[in-house]
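Enquirer: Generate the whole structure from the sequences, applying the supplied hints.
Chain by chain, the residues:
Protein chains: 2
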Amino acid sequence: MPQKYVDVDTLKYMLYDVHNLEGILSRKRFQDHDKGSLDMFLDSVKEFADRELFPYFKEMDENPAYHKDGKVFVHDQVKTMMYKGGELGLISAPFDYEDGGLQIPLMTQTAAYYVLDAANNHLPGYAALTSGAAELIIHFGNDQLKETYVSKMLNGIWGGTMCLTEPQAGSSLSDVITKAIPTENDYYHISGQKIFISGGDNNFIENVVHLVLARIEGAPKGTKGISLFVVPKNRPIENGSLAWNDVTTVADFQKLGQKGYCTTHLGFGDKEDCRGWLVGEPNKGLHYMFLMMNAARIAVGRGASAIASAAYYASLEYANERPQGRKLSSDGKKNPDEKQTLIINHPDVRRMLLQQKSIVEGTMSLVMLAAQYYDLIETAESPEEKEKYHLLLEVIIPIVKTHPSEAGLQAVNAGLQTLGGYGFCEDYILQQYYRDIRIFSIYEGTTGIQSQDLLGRKVPMQNGKALELLSAEIMKTLQEASQIESLQSYAKVLGEKLQLTQKVLGHLMPYAMKGNYERFLADASVFMEFMSIVLMSWTWLELGVNAAKAIENGGNYSKEFYESKLHTMKYYYTYELPKTSGLSEILLNSESLTIKKENEPII
Amino acid sequence: MPQKYVDVDTLKYMLYDVHNLEGILSRKRFQDHDKGSLDMFLDSVKEFADRELFPYFKEMDENPAYHKDGKVFVHDQVKTMMYKGGELGLISAPFDYEDGGLQIPLMTQTAAYYVLDAANNHLPGYAALTSGAAELIIHFGNDQLKETYVSKMLNGIWGGTMCLTEPQAGSSLSDVITKAIPTENDYYHISGQKIFISGGDNNFIENVVHLVLARIEGAPKGTKGISLFVVPKNRPIENGSLAWNDVTTVADFQKLGQKGYCTTHLGFGDKEDCRGWLVGEPNKGLHYMFLMMNAARIAVGRGASAIASAAYYASLEYANERPQGRKLSSDGKKNPDEKQTLIINHPDVRRMLLQQKSIVEGTMSLVMLAAQYYDLIETAESPEEKEKYHLLLEVIIPIVKTHPSEAGLQAVNAGLQTLGGYGFCEDYILQQYYRDIRIFSIYEGTTGIQSQDLLGRKVPMQNGKALELLSAEIMKTLQEASQIESLQSYAKVLGEKLQLTQKVLGHLMPYAMKGNYERFLADASVFMEFMSIVLMSWTWLELGVNAAKAIENGGNYSKEFYESKLHTMKYYYTYELPKTSGLSEILLNSESLTIKKENEPII
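From first to last, the protein sequence lines are chains Z and U. The numbering of the first sequence is our numbering, which starts it at 1 and goes up by one. The numbering of the second sequence is our numbering, which starts it at 1 and goes up by one.
Worth flagging that the hints you see were computed from the coordinates, not collected in a lab. Treat the hints loosely; a few may be bogus.
Which copy? The list can't say, so a pair holds if one copy fits it or any two copies do.
Keeping only pairs whose Cα atoms sit at most 20 Å apart, straight-line, the calculated EDC-like set for lysine to aspartate or glutamate is [said to hold, decoys possible]: (1) Lys327 x Asp175; (2) Lys327 x Glu598; (3) Lys146 x Glu238; (4) Lys596 x Glu321; (5) Lys4 x Asp427; (6) Lys68 x Glu591; (7) Lys46 x Glu87; (8) Lys179 x Asp337; (9) Lys4 x Glu52; (10) Lys497 x Glu473; (11) Lys559 x Glu598; (12) Lys46 x Glu381; (13) Lys497 x Glu585; (14) Lys58 x Glu426; (15) Lys559 x Glu600; (16) Lys334 x Asp175; (17) Lys492 x Asp175; (18) Lys579 x Glu496; (19) Lys570 x Glu600.
Values in this document were obtained by computation on a predicted structure and should not be read as measured data.
Expert: Spelled out as structure tokens, the structure:
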């Protein structure tokens, strides 16, 4: 196994030097924290990840979770993740003190989970989903639900899940048919099937608390008739013990990757004795779930970026150790008498490493930006401020979920290629990252669905106000960069790409205005890629400005650290940003080749 | 399992309608064959693949080849592939009658193996490598070697391998150190280690004949001192039986994919009793090996394209059966009262399917073009003709190897995405294609190495003559397309891209002329992608011309068949060709960010 999976310096640099966590810490909510205490938290998480996560990464892949006798058996380390992770505060971190939380900013929480995901992406989800399920109960549940469930969940004694997907509905939640039938008591009878439930069961935790989307008998069709229920695997009964709540584990999906992170098929109410407790008001389930969705989408982007980080350091380590081939001399030949060179000295290998680094650190910065917006919303000091950061978060969130997943896969792919034939072998770890990361462009709304959200909802929202605010933020960076001579040409290019964005939207929006939504959104995935690269270019310019200033005025890190950031920025502008030219050509075309017409040729 | 993995109609269309196999069949060498007999051969191969390969595809993945007690145990179906495949002529097909062959054109052989690779890519390699090893003996070995080995190999009784790679050398063959020490007899003593030897051993075949690159004691350093040896696992002894030849199977690499196709680590001469017989002259080993390399590189491109084909049909079948979501109405909303639609009706899904189809059929055509050039060289009626097709093959061969591997992975990735969460599950086959295809950009020279070959050797060869010939071929298609009104705009775009190619080379060549080879080749992989898309665009225009004419004048296939080709051509020009804009921007930049400088920032 390689030694390094994340650069903690870069992570802290993102938090403090780039995305101003200290500004967040000045807010009242976080008054008990400062850089020192949060760094200690992060360092203890890193130490935990080094000791309890990273060493089990390969082992968990080789010993997948499995289903037997109605139970899911997971790796023992899941227990450590839940119990010790619970003790460390990894489940409770973001919550209010009064709910048992630590009132830690999402930025810090995100950095902590970035480390965990990079160390071993099969484990953190067990804690993170428990945290998410607890959050729904805390925000929308009544006191009884809170008292019954929250404390055990925050301590990792009980797990938690989100149960959305059903076999017949897939991503289309309006087709959810799980039923909730009111009773004379405080609970409903739940019946139905849920699939793809991460962390849905395991062999040692005494209870799993499912947050289930279901339809109360007689509710309206579509997404307006969906309610949210707490449905524990085992229900607490009067004497403090637990009784089975008729939740059956039907199967554990065997997968390409994340094999240690179980993905279950659950049945509710086979014996007509499954009880569910309504969370909040009827028919508002999807609304509640979606209020949690931004944090969940930041988490997906974070996980993908973190896997790409681990893959990057694994391939970097290999490239620094593996001798092969020789430098070309001035006649284009190689001299066999010369000593072999390390492969890191070959330009094509450096290109693949720089590609990885630019994606890893650029997406890390994007994820942190989203977490920063999130914290600014949570602690906003005025409704205007809240609204501003809300709009900014809304417009970037589909990109923050999608781009690390899509570009992260390209990065991992380049990492695998760096190892040549060894990259394809199980003795090396790259092939596992290549498999694990593949789920991220599917999780929490596929790339196609995120792209429709970006172009179809976020860009037009409030007459384009979110995008206007985003452009204003980008312009600020452009202006700063224009003050620094060495960055002027990059600022100019990004300015041109902003104008190109306007041109693209000027071409696409009329389709929507004429009611041709299908055509408007037909190339949404292409727009997603285009906008992602624009956003990444902004991010890299921001990193460039920061690094250039630090080289000029001094900073917390070494000169090499900042020079490396500047170099990677140049790489991004030279090798990645030009893709927007081709993407905008696609977006500006007037063909409609992907919309089915009558007598459409077979495809 | 899905039902379809290849479209035999499209394959035959490529052979006869697009790449003029009948022209090849008019050559003397192939006088015993005609379309009827070769179609029968292909049909029997398809029937063999349906019955003996496709049904075992998943099973071979789930039961990988493994090493135990010094042997490699493979799936029983390997035996069928060798013996029955041998009977069918799959090993002997390309060879002369006098060597036991069938004198079948490489085009037909390529189509046959395309079917086999698409059905189950874990199996055909056993036969194909045996064929390749036999070819080296037939072409360069003495009569004794031919008599001893060829017949048993062509019948699939004995296997064959190519042993190039060594642990310390990787892709750098000039660092091969396996030793050959002359003896007083007709053999040498061989000692050394070889890794990544496909089909290197198995538990039932009585012998494996290794074609080994080694260095005769005292030979020059570098690639000029490498010789080729026949080193059987068991050597034939006087009474017609076999004696172990001190070839040890050290290990079987466990891999990300192609798990049923063993990849061995072999040791030669541990007991100082490993005998090798020189093939041809000393120090010409690499030369001989490279004469075989074009066919091997066509085979890699073919395999990758075939896997992408199988993945395409699997995802197409799913998209045609899976209902999910609804069409957007003119207010951008969905009506939950409406019935769910099949996902193939969503533009984003159609985009992913068209992307796959354009890559699958475009690369299939490229592979067939290379096979056509190969056959034209083999049967050339004049030295000029031979030289022309030799140059054409040389310049396209790195692309034919690389582009199906790289774009094929993108296609498989889109296929997996089409299935959403199910694509990530082992119950569906897409995840296996995603793993299997990943090796193709590493096999037979990685993408980086192929790219250096393309830009560093093939483009400059004979002062750019190969590229000139290729441009002339493309111009022919352009002119034909210009005669067809509906294709004129596409012809125009391709013409512009040809000019762009000249501009790019005008920027790059001066680096080489000034002796700065490192900078000249630094972006070779980017140039590879650029040229690949230009070539694919040519291919698609050719398919477009062919289809448009057939729609006008009638052809062997249905109107829908031709319309689908035209539609896919339009897709390629609208969604894939524009990538060349960004790629050319990269190539035209003057930065040198990937070349290591002194005091280079850490990366």
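Enquirer: It remains to establish, for every hint, whether it holds in the given structure.
Expert: Against the structure, the hints come out as follows:
In the homo-oligomer, the alpha carbons of Lys327 and Asp175 lie at most 20 Å apart only across protomers (14 Å), although the nearest pairing inside one protomer, at 60 Å, exceeds that limit. For the homomeric pair Lys327 and Glu598, the shortest alpha-carbon distance between copies (15 Å) is at most 20 Å, but the shortest distance inside one copy (58 Å) is not. For the identical chains of this complex, Lys146 and Glu238 are intra-copy neighbours only, at 16 Å inside a copy versus 86 Å across copies, given an alpha-carbon limit of 20 Å. When the C-alpha separation of Lys596 and Glu321 is checked against a cutoff of 20 Å, the pair qualifies only between copies, where the shortest distance is 16 Å, while the shortest distance within a copy is 53 Å.
Only within a single protomer do Lys4 and Asp427 lie at most 20 Å apart by alpha-carbon distance; the minimum there is 17 Å, versus 34 Å between protomers. Taking the closest pair of Cα atoms, Lys68 and Glu591 never come within 20 Å of each other, the shortest separation being 52 Å inside a single copy and 58 Å across copies. Taking the shortest Cα distances, Lys46 and Glu87 sit within 20 Å of each other inside one copy (15 Å), while across copies they are farther apart (61 Å). Within a single copy, Lys179 and Asp337 get their C-alpha atoms only as close as 76 Å, which misses the 20 Å cut-off; across copies the closest is 18 Å, which meets it.
When the C-alpha separation of Lys4 and Glu52 is checked against a cutoff of 20 Å, the pair qualifies only within one copy, where the shortest distance is 15 Å, while the shortest distance between copies is 46 Å. Within a single copy, Lys497 and Glu473 get their C-alpha atoms as close as 15 Å, which meets the 20 Å cut-off; across copies the closest is 37 Å, which misses it. Proximity of Lys559 to Glu598 under the C-alpha cut-off of 20 Å is restricted to the inter-copy arrangement: shortest distance 15 Å between copies versus 62 Å within a copy. Taking the closest pair of Cα atoms, Lys46 and Glu381 never come within 20 Å of each other, the shortest separation being 33 Å inside a single copy and 71 Å across copies.
Taking identical chains as interchangeable, the C-alpha atoms of Lys497 and Glu585 lie at most 20 Å apart whether they share a chain (13 Å) or sit on different chains (14 Å). For the homomeric pair Lys58 and Glu426, the shortest alpha-carbon distances inside one copy (10 Å) and between copies (19 Å) are both at most 20 Å. Proximity of Lys559 and Glu600 under a CA criterion of 20 Å is satisfied inter-copy only: 12 Å between copies versus 60 Å inside one chain copy. For the homomeric pair Lys334 and Asp175, the shortest alpha-carbon distance between copies (12 Å) is at most 20 Å, but the shortest distance inside one copy (64 Å) is not.
Taking the closest pair of Cα atoms, Lys492 and Asp175 never come within 20 Å of each other, the shortest separation being 48 Å inside a single copy and 48 Å across copies. Both within a single protomer and between protomers do Lys579 and Glu496 lie at most 20 Å apart by alpha-carbon distance, with minima of 14 Å and 18 Å respectively. In the homo-oligomer, the alpha carbons of Lys570 and Glu600 lie at most 20 Å apart only across protomers (14 Å), although the nearest pairing inside one protomer, at 45 Å, exceeds that limit.
Against the hints set out earlier in the document, violations occur for numbers 6, 12 and 17.
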